[in-house]
Amino acid sequence: MGYFRFRKTFTILPGVRINLSKTGVSSSVGGNGATLNVGKQGPVVTFGIPGTGLSYRAPVSLAILLLVVAAVAIVGITYLVAPDAVKTLLHWWQPRWF
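Sequential numbering of the sequence shown, starting at 0, is according to numbering that gives the first Met the number 0.
Source of the hints: derived by calculation from the structure; they are not laboratory data.
The structure presented is a predicted model; accordingly, all values stated were derived computationally and were not measured.
The list that follows gives simulated cross-link-like pairs (lysine-lysine, DSSO-like), each with its CA atoms no further than 27 Å apart: (1) LYS21 / LYS39; (2) LYS7 / LYS21; (3) LYS39 / LYS7.
All chains should be built: construct the whole structure from the sequences, respecting the hints.
Structure follows, in structure tokens:
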């Protein structure tokens with residue numbers, strides 16, 4: 000026998016969402032390929048291959064979550080100060096003609 004599910008997602012900023020369902024509220028940060036979701040079951044990271052439907056979900060400890068948040072904050076602040084340096088570091092693998 001089937002059952003009905005309810006889920007509503009609100010986009011706060013690009014890549015930041017609030018998810019409402021009948022079982023609770025959670026927040027997601029990320030986009031295609033990698034997402035961090037924090038809900039009542041704790042933080043969960045999802046890695047996927049866009050367009051294939053294949054993904055891998057794994058729980059994340061609080062220490063790793065804080066480390067990731069700190070790294071993202073450092074990159075964000077650095078981007079505000081020196082955007083060209085951050086773009087160069089994030090795209091080191093691309094050939095120069097892109």
